[in-house]
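Trainee: Protein chains in written order, with the working numbering: chain A, 1 to 301; chain B, 1 to 534.
Simulated from the structure, these hints should not be mistaken for lab results.
Glycine is no exception: its CB is placed at the ideal position from the N, C-alpha and C atoms.
List time: in silico SDA-like cross-link candidates among lysine to any residue, alpha-carbon distance up to 25 angstroms:
hint, chain 1, residue 1, chain 2, residue 2
1, A, K49, B, K317
2, B, K40, A, N200
3, B, K366, A, T57
4, B, K481, A, D181
5, A, K85, B, K366
6, B, K317, B, P155
7, A, K85, B, N446
8, B, K40, A, V132
9, A, K85, B, A363
10, A, K149, B, A377
11, B, K40, A, D181
12, B, K483, A, R182
13, B, K366, A, V99
14, B, K366, A, N134
15, A, K49, B, E314
16, B, K317, A, E45
17, A, K274, A, A88
18, B, K317, A, N54
19, B, K448, A, R182
20, B, K366, A, N87
21, B, K317, A, N87
22, A, K49, B, Y154
23, B, K366, A, N54
24, B, K106, A, E189
25, B, K185, B, T278
26, B, K40, A, D176
27, B, K40, A, M237
28, A, K234, B, S142
29, B, K317, A, T57
30, B, K402, A, D181
31, A, K85, B, F378
32, B, K402, B, G531
33, B, K448, A, G91
Output of the computed footprint for chain B on chain A, the stretches with three or more beta carbons under 8 angstroms from beta carbons of chain B:
hint, region
34, 86 to 96
35, 135 to 141
36, 179 to 188
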Amino acid sequence: MLALGCVVFSQTVNAQTETDALMIPKNYFCAAGIYTHNSWDHYWEGTFKRENLNLGTISSNVYAVGGNYGLSNRVNVLFMIPYIKTNASAGTLRGQSGVQDISLAVKWLAVKQEVGRGLLSLHAIVSGVIPVGNYQADFLPLSLGMQTKSIALRGLVNYQVGRFFVAGAGQYVRKDNITIDRDSYYTTEMHYTNQVAMPNATNFLFSTGYRSLKFNAEATLTKVNTIGGFDITKNNMPFPSNNMDATLAGGVFKYMFQSIAGLELTAGGNYVLKGRNVGQNLSVFGGVYYVFSLKKNKSDK
Amino acid sequence: MYSLLKRINLINKKVMKKSISYILPAMMIAVSVFNSSCKKDIQERNQEYPALAPTNIDLNADTWTPILTASSTFTIATPDAVTTPNYLADLNEIKSYQHNLTSEQKDIIKYWSAGSVLRWNEILRELVAKHNLPPYQNDDGSYPFPSAANPLAYPLFPFSNPPYAARAYAYVSAAQYDALVQAWKFKKQFGRPAPYKTDATIQALVPKSELPAYPSEDAVVAGVTAKMMELLFPGDLDYIRQRAAEEKLYRIMAGANTRSDMDAGESLGRQVADVFLTRARGDKAGAAIGKPEDWKALEVNTAAAGNTPWISLELPKRPPMLPLFTKVTPFLFPTETVVALRPAPPFGTNTPEFKKESDEVLAMSKDHSREHERIVAFWADGVGTVTPPGHWNNIAADEFVKHNFSEVRWARNLALLNMAEMDAAIVCWDAKYFYFNPRPTQMVMNIKTLTGIPNFPSYTSGHSNFSGAAATVLGYIIPEKAKAFMDMANEAAMSRLYGAIHYRSDCEVGLQTGIKVGQYAVNKGKADGAGTGN
Numbered sequence: 001m002l003a004l005g006c007v008v009f010s011q012t013v014n015a016q017t018e019t020d021a022l023m024i025p026k027n028y029f030c031a032a033g034i035y036t037h038n039s040w041d042h043y044w045e046g047t048f049k050r051e052n053l054n055l056g057t058i059s060s061n062v063y064a065v066g067g068n069y070g071l072s073n074r075v076n077v078l079f080m081i082p083y084i085k086t087n088a089s090a091g092t093l094r095g096q097s098g099v100q101d102i103s104l105a106v107k108w109l110a111v112k113q114e115v116g117r118g119l120l121s122l123h124a125i126v127s128g129v130i131p132v133g134n135y136q137a138d139f140l141p142l143s144l145g146m147q148t149k150s151i152a153l154r155g156l157v158n159y160q161v162g163r164f165f166v167a168g169a170g171q172y173v174r175k176d177n178i179t180i181d182r183d184s185y186y187t188t189e190m191h192y193t194n195q196v197a198m199p200n201a202t203n204f205l206f207s208t209g210y211r212s213l214k215f216n217a218e219a220t221l222t223k224v225n226t227i228g229g230f231d232i233t234k235n236n237m238p239f240p241s242n243n244m245d246a247t248l249a250g251g252v253f254k255y256m257f258q259s260i261a262g263l264e265l266t267a268g269g270n271y272v273l274k275g276r277n278v279g280q281n282l283s284v285f286g287g288v289y290y291v292f293s294l295k296k297n298k299s300d301k
Numbered sequence: 001m002y003s004l005l006k007r008i009n010l011i012n013k014k015v016m017k018k019s020i021s022y023i024l025p026a027m028m029i030a031v032s033v034f035n036s037s038c039k040k041d042i043q044e045r046n047q048e049y050p051a052l053a054p055t056n057i058d059l060n061a062d063t064w065t066p067i068l069t070a071s072s073t074f075t076i077a078t079p080d081a082v083t084t085p086n087y088l089a090d091l092n093e094i095k096s097y098q099h100n101l102t103s104e105q106k107d108i109i110k111y112w113s114a115g116s117v118l119r120w121n122e123i124l125r126e127l128v129a130k131h132n133l134p135p136y137q138n139d140d141g142s143y144p145f146p147s148a149a150n151p152l153a154y155p156l157f158p159f160s161n162p163p164y165a166a167r168a169y170a171y172v173s174a175a176q177y178d179a180l181v182q183a184w185k186f187k188k189q190f191g192r193p194a195p196y197k198t199d200a201t202i203q204a205l206v207p208k209s210e211l212p213a214y215p216s217e218d219a220v221v222a223g224v225t226a227k228m229m230e231l232l233f234p235g236d237l238d239y240i241r242q243r244a245a246e247e248k249l250y251r252i253m254a255g256a257n258t259r260s261d262m263d264a265g266e267s268l269g270r271q272v273a274d275v276f277l278t279r280a281r282g283d284k285a286g287a288a289i290g291k292p293e294d295w296k297a298l299e300v301n302t303a304a305a306g307n308t309p310w311i312s313l314e315l316p317k318r319p320p321m322l323p324l325f326t327k328v329t330p331f332l333f334p335t336e337t338v339v340a341l342r343p344a345p346p347f348g349t350n351t352p353e354f355k356k357e358s359d360e361v362l363a364m365s366k367d368h369s370r371e372h373e374r375i376v377a378f379w380a381d382g383v384g385t386v387t388p389p390g391h392w393n394n395i396a397a398d399e400f401v402k403h404n405f406s407e408v409r410w411a412r413n414l415a416l417l418n419m420a421e422m423d424a425a426i427v428c429w430d431a432k433y434f435y436f437n438p439r440p441t442q443m444v445m446n447i448k449t450l451t452g453i454p455n456f457p458s459y460t461s462g463h464s465n466f467s468g469a470a471a472t473v474l475g476y477i478i479p480e481k482a483k484a485f486m487d488m489a490n491e492a493a494m495s496r497l498y499g500a501i502h503y504r505s506d507c508e509v510g511l512q513t514g515i516k517v518g519q520y521a522v523n524k525g526k527a528d529g530a531g532t533g534n
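One chain only, chain B, in its complex shape:
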């Protein structure tokens, strides 16, 4: 041993002087390997969406049935004739932008040209993900609640959990759809062409369209959405306004609309939003959190019926998520239908079927299959994400982009999807709080989960309801992919069993209930005059 140590010591004492001549070349080789070894550029899917060039401009969309505004009256100013000084000034504004577009302005054009409904749907998803965070507890172990009156105080308003998000997506999509149907009426009434048609020196930096330009469909979407956000995301209005202003500039720079097209569209959008905001303020979602006596009653009533009540598995115990969301007014059917769609009761906690299902969850908990982990993670859509309804909006958007729908059809399709998601949330929450039954981990202590346990009762699975409804609607819109969407929905539903946070029956029954809700949206779509558009 001594000889070894001495040898090491000897090396450590050898004096080398020529080493500096090795260092520089070696370092340079190392640095070049270094810089080329790790890739950093990422192309995200939504950056690659092409400019929207509708295969069918849906000129007859003024005849489609809107959601809320069939009998509403809206006004916009009669446009100036294309020979007036005001209009010529508008054209000159476009020319002045086009004379010297910066690369940043070209990027803005490229971004927004993918479509207004699409980009605002993405912006909404982003806000949902940003706000999908349960409040941190107070020092005494109680929890604070966000306040719409003071949205930037902690906890930030809103906590965009899945029901909140489903409702936000539904209102925004439905309002966008109605606003575009109304816009189409004025477009046909006034028939004012796009700037690139009235002045040959103006370039069309987006695909040309035969659709009349006044009011601008982009401005209508921006106007209606920005106004809806005053209710839904009141702490982010600076961001919303900035995006709306950017889109307005985009249409002008692209030669697709004049400033007066944009102003008229924005005004119309805000008027339509008022109709939806009135509905939203009266739809009972504001009271969905409930009160301590409501939470207590759920527990007492469930125990009185001889069943084991759900308890929060969070520490400190958190009040159940939005127990009165079940009372929110649905879009697709009357409130009575919510009760009619309520599934049969779950297996009682002392039945052999329950035991069998619990054992299966425990087995899943012990299954370390990487594929299960992947499926659970892919569909988890938990805190800090777009939520399951948002995930189905991701899926819809990626698919719709391939079909070159007109803006109004984009809005109509997303409205059908998102009304189904919101109503699926209502129906699912009804079952959850009617039966108020425990999660597997509440009953079987040694179950470990592959994802976080949502803070509400087990039966039925929210993911399954959302996915069944979404796949049904998307399968109606894109019939050739109906099976693929339903396969995805099945996987999403089963992910909750694989994750050991739901019993099999939660998932299977939830999926079936979601499909029923989705069918209401399909029936509405079949009757709205839009047809399939293919």
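Chain A extracted, bound-state conformation:
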């Protein structure tokens, strides 16, 4: 649902449904509850990798609920809303807690056709993020999020042969200005305003794995790139409009119960291999999905 677009100095909220090629059928609803734990003790100031004994390990616990509704067999509507609590293990800075942003997405299965021995599908996903909680964005790395409205377009190609698949996705995220509590700030020059122009971002995903009716396993490689923004200067604090880039490797597993119809368990994680103006985050998550029909469907009996 919410993908990895908000990895970085704010908190990563994990869920895979927006980025995978799976759809749920018309009039079905998938309810999700997902827990994510993020932590890092090293980060990059620009390209300089360091630790900070005055922060120790920055961690967060993310409790998200979401849903995916099959508007039709080819169009799914998704939402997710997380509650987040952040913490620094050293120093005195106070963590934040609260509801972050709601993310909404429409996922459209645009093309589905047999190509060679396999099945090729093309998805287009339009998603938006709207901050819900009145949290303080300009308190990185302990803020819950960036307090930015954004809209994103994603294209997803999936090619499946038997039970094996490869997928690639590209996303462009356009972000709204944010309002901070200060009325002046320095980036690479002085700004006399409480508005911050947030740089847009792209997000590329490559994944491959195995899908069966019982079990999915998937390896992912993600590249998050902020277009523009500026580097954190040495020993400075991070700022929402920093140039935050990251390359992440991850895995996702899903188990579908055979005994209880519609119940699925998912787990996985992501690790930042290389970054710029981000923490070297290790994110692990586990969640429960429950898929059920909203209409009586005789064929299901």
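With chain A held as given, fit chain B onto it using these hints.
Mentor: This is chain B only, laid out in the frame that chain A set:
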């Protein structure tokens, strides 16, 4: 369950061929929503400042009392008569620029026309913010110190922390004020009008003024400021010179000054700066970092007096910030007054009052009010910012713009403000290092803070001193807003308690001490011959 999975599988296997006809229109709608959905243009306050058109040109400013240069002698060349070939060449230079102004040149004119003192104050604030970064530690856990001799080696010189910044603002503002008072003397002596008055074909691209043009007040400000920067921000002289050159061009392009007006002004400015640089090099700020034995003595002496000494809460432990800043020569009063203004001691760490104040800080630490977070963040002015004195310069600038002060009054008002800020820093640092008392978080381990803890003792709060002094001076300059400024100062002071980094008494006593320092600047203002100007 199987039926569900099969159904999903079925969908995934359906072959759709006409889908391409949906894709293009849908994508186009998405892209148009996309492009209109997020706004990006930001109008910053300082971009909207109007061209300065003083309501009173303060023609008598040559009689105002300067800060340091009342008995100094400066020389500038006698200007060429307006009929000489040299002067006519100057006019032709203006005409040649005005004949074909580019949009970039028009932007330069618009920017600088808001006022020279204002724009240089902004440039100084920008440099303070850029340099307000504590050095990163060495591998062995010690800290390097910036070196003025090698300003571009890491750590960059200077580390413009609040005392450093307060002093920089004060010297630049005071030197600008003196330079303009001296300029006014020559302006009246030579009485040379602006180019747009001597030649009807030259347009005034800034508001016209009756003030004589030689020497140019803009060039005086640029000259004095650029020269002061050689001491204060020696690693940024390329930027400073580029801005000064741009301003020089602006006055010529705008038809407001000739090149000879500018050259004479720049020369005068640099001469005045020399007087201030001599003072600055002898004011003991260069030794304010102190030595390891000074830092140790603070700790030992405090413990010997039966009190808990401050310790750095940073890891690795960082030496205290500028412990000998207390010895810096103030602008507004003699050094003895610093001791006279020292507040009564803070509550001892084993008294019930101390316990009560600590409990209050802990309660603030647990208070998750968004309004507290907002206030703390608004006034935090920590690393990478213009510092609290700079914040009060922001406030002053936004306010002064509304009053259309002359350049010389702008400089005089900012000089009063910034001398008060520097002396408030000295007085505050005196209390901090005389009492050397611990921050709340040093004493109560479970206090969490809403902002970073500055690396110096608690009593009294620097923000409170700076804000009390600034609000007092601004309230004198703009009497109708005196209460509003003091309300802001109160909020700034309390932000440090809300942020759980100061006890209430640090804030309240600091505010009162700052107000006392501010009063010295007010008294100086009342006696300098400038009056209120309204």
